[in-house]
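Input sequences plus hints: build the corresponding full structure.
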Amino acid sequence: MGFKTRTLVFPEPFKVAFIEESVPEPSFGEVLVETLVTLISTGTELTAYSGSFPREKSAWANYVRYPFRPGYCNVGRVIKVGEGVEGLAEGDVVVSRVPHTEYYVHKAATLTKVPEGIDPKEAAFHTIAAGVMNSVRLAGVKLGESVVVVGAGLLGQMAAQFARLAGGFPVVSVDLSDYRLQLARKSGADITVNPQSEDVYEAVRRATKGRMADVVFEVTGNPQVLEWAIKLVKKMGRLVVLSSPRGPSTIDFHDEVNFPSRVIIGTHFTSQPSCETPFYPWTWSRNTELFLEMLKQRRIKVSHLISHVFPWSEGARVYDFLYRNRLRCMGVLLDFRAEANNIVY
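In terms of our numbering, the sequence shown is residues 788 to 1132.
Keep in mind that the hints were calculated from the coordinates and are not lab data.
Note that the coordinates shown come from a computational prediction; the quantities given were computed from them, not determined experimentally.
Here a beta-carbon is modelled for each residue, glycine too, at the ideal position from N, C-alpha and C.
Errors might be hidden in some of the hints.
Listed next, with one range per pair, are the computed distances between beta-carbon atoms [stated by the list, open to error]:
1) 1067 - 1091: 26 to 34 angstroms
2) 930 - 1052: 13 to 21 angstroms
3) 1098 - 873: 28 to 36 angstroms
4) 931 - 808: 49 to 57 angstroms
5) 1060 - 812: 30 to 38 angstroms
Straight-line C-alpha distance at most 16 angstroms; calculated EDC-like pairs for lysine to aspartate or glutamate [to be verified]:
6) 900 - 873
7) 1022 - 1042
8) 894 - 873
9) 791 - 807
10) 900 - 1076
11) 867 - 821
12) 894 - 879
13) 802 - 1101
14) 1018 - 1042
15) 802 - 821
16) 791 - 808
17) 1021 - 989
18) 1022 - 1043
19) 894 - 989
20) 791 - 821
21) 1018 - 977
22) 900 - 1080
23) 867 - 877
24) 996 - 977
25) 1088 - 906
26) 791 - 812
Okay, here's the thing in structure tokens:
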């Protein structure tokens, strides 16, 4: 009987199931990996889970096709090495963008090895971190520039942390959840603002001594937020759309873009190039390596962002819990190691 794996899927909105599939032997240049832990990318996966996106003629509709396989923050251990593999051996811990599945075969050359001493639960933030690094670079944050991050979910927490590392000051985090804002302080935000209790425009004006923000990152995924987030940007400043807004936004381009000469920058995880060049070396792999090395050196931190860890077999309950308690959750991990006695052959 062949080797089997179970994979978590969304057959349709608000449904979670596990499908069983065969796992091939690793061929030349490939390795077999046993998943240790995965991180749920809350924004993307809850959008797919709930079906809350335009269903026709949209990038979301092209991406989410049911049955949908969620997940792209995988940490696993190499358990078998195919011929011709260099740089990886059995027992090495690696990261990939593979969905929530027990076992998988992958090209060794496109995996990134996790340095010794890093907790797999922290390494699981790799895809989120690499994507946000890419966005902060494209935003061109410079030493002393004021940065506002609208939305303090996982991406917003990372944006605050990397913007600060790039020299942004002050860094202002905006969110409706006081819990998230408390975490944002630990992530590097100098000032936090809850729109339910404070006027955001006035708070940013005070923080920037009347200049308004050099850079605003929109990280909520709510298209209506763009309509007022752009007003926080100073003349000739930059609005960076880091989230993936689910639907159309209405902006007066003359009054909000043309007249104040603001720049709108769209960034996405997929805009990381696949190959290094002398002009732009920051591929997904290179960003991932940097994240892991900075994590090892404690130049950045993510442990405070881990709010929940569940056995991966409880996937149906986990997504329902997340959907109902999103503002009280942050980094939610699925732990596969508890399933060691339930391998399916």
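Now the hints, each set against the structure:
1. 1067 - 1091: 26 to 34 angstroms: At roughly 32 angstroms between Cβ atoms, residue 1091 and residue 1067 fall inside 26 to 34 angstroms, so the hint holds.
2. 930 - 1052: 13 to 21 angstroms: With a Cβ separation near 19 angstroms, residue 930 and residue 1052 satisfy 13 to 21 angstroms, so the hint holds.
3. 1098 - 873: 28 to 36 angstroms: Taking Cβ atoms as reference, residue 1098 and residue 873 lie about 35 angstroms apart, which means the hint holds.
4. 931 - 808: 49 to 57 angstroms: With a Cβ separation near 52 angstroms, residue 931 and residue 808 satisfy 49 to 57 angstroms, so the hint holds.
5. 1060 - 812: 30 to 38 angstroms: 32 angstroms, holds
6. 900 - 873: This hinted pair holds, its Cα atoms lying about 12 angstroms apart.
7. 1022 - 1042: Roughly 11 angstroms between the alpha carbons, so the hint for residue 1022 and residue 1042 holds.
8. 894 - 873: 11 angstroms, holds
9. 791 - 807: 7 angstroms, holds
10. 900 - 1076: 8 angstroms, holds
11. 867 - 821: The hint holds at about 9 angstroms.
12. 894 - 879: The hint holds at about 14 angstroms.
13. 802 - 1101: Roughly 13 angstroms between the alpha carbons, so the hint for residue 802 and residue 1101 holds.
14. 1018 - 1042: Judged against 16 angstroms, a Cα distance of about 10 angstroms means the pair holds.
15. 802 - 821: 25 angstroms, violated
16. 791 - 808: 6 angstroms, holds
17. 1021 - 989: With a Cα-Cα distance of about 13 angstroms, the restraint between residue 1021 and residue 989 holds, given a limit of 16 angstroms.
18. 1022 - 1043: 9 angstroms, holds
19. 894 - 989: 51 angstroms, violated
20. 791 - 821: 12 angstroms, holds
21. 1018 - 977: Violated - the C-alpha atoms of residue 977 and residue 1018 are around 20 angstroms apart, more than 16 angstroms.
22. 900 - 1080: 11 angstroms, holds
23. 867 - 877: Status holds; Cα separation ~6 angstroms.
24. 996 - 977: 15 angstroms, holds
25. 1088 - 906: Distance of about 12 angstroms is within 16 angstroms: holds.
26. 791 - 812: Answer holds: residue 791 to residue 812 is near 11 angstroms, not above 16 angstroms.
Going down the numbered hints, you'll see the structure goes against 15, 19 and 21, while the others check out.
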